[in-house]
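Novice: Given the sequences, and given the hints that come with them, work out the whole structure.
So the sequences go chain by chain: V and P. Once you know that position 16 of the first sequence is 16 in my numbering, the rest is easy, because the numbers rise by one and skip nothing. Once you know that position 22 of the second sequence is 22 in my numbering, the rest is easy, because the numbers rise by one and skip nothing.
By construction, these hints were calculated from the structure, which means they are not laboratory data. Note that this is a predicted model, so its numbers are computed, not measured. Heads up, some of the hints might be wrong.
Residues of chain V clear of chain P, computed beta-carbon distances all greater than 12 Å [unchecked claim]: (1) S23; (2) S25; (3) S26; (4) D61; (5) S66; (6) S81.
Only part of the chain P face toward chain V is listed, based on derived beta-carbon distances under 7 Å [to be verified]: (7) Y95; (8) D105; (9) D107; (10) W109.
Quick reminder that beta carbons are idealized off the backbone N, C-alpha and C, glycines included.
Listed below are the residues making up each chain.
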Amino acid sequence: QSVLTQPPSASGTPGQRVTISCSGSSSNIGTNGVNWYQQLPGTAPRLLIYRSNQRPSGVPDRFSGSSSGTSASLAINGLQSDDEADYYCASWDGSLYGLFGGGTKVTVL
Amino acid sequence: EVQLVESGGGLVQPGGSLRLSCAASGFSVSSYAMNWVRLAPGKVPEWISYIGRSNNIIYYADSVKGRFTISRDSAKNSLFLQMNSLRDEDTAVYYCARDGGTNWDLDYWGQGTLVTVSS
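Specialist: As structure tokens, this is what we get:
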């Protein structure tokens, strides 16, 4: 079964830019793009980015996404203390199942 | 306002069964694909099932195939997950999530319901 690979952690000081990578394969990100979710402790995941680079209404434009081939990245500009959370990439795989990445814990120093 | 409210979780012994419900408001469950996703303590989200807008498109994760059944009732505007032959490793918070229709973007999630499988 395919996997989506993320770094386990990322950090930055307030105001800095943090980027998170997500590596997949041609059967998932390469075909279906990627979505990004933010999860705060004890809450359900929240959709941050869909179709690799689109923001749902209500998501600050400090969050942006990009993708190229079988990889994608999420950028957080102007890091704030309430951005401290777990971030997951996700994609539908052509073998007919949903995939979540291993998650990246973002710490605001 | 779109809302999803799960119920039906609880403590069950290994080998037992539970039926989870997800009541929707603000939209019709029959107009969207829907999913169940679970989150076990200390683990990453795990997708477990998908039902398309037409009920004949249903997918399951290998970990639950043959044991779990997803369904929906348009009259009740609800999604369900029948879970049989439960195992310790099925212990998790179970979320229903709406598929926004753009490459499996899960745009609305419920608050989750806790399932604990233990003797």
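Novice: What are the numbers of the hints that this structure violates, sorted from low to high?
Specialist: Per hint list: zero violations.
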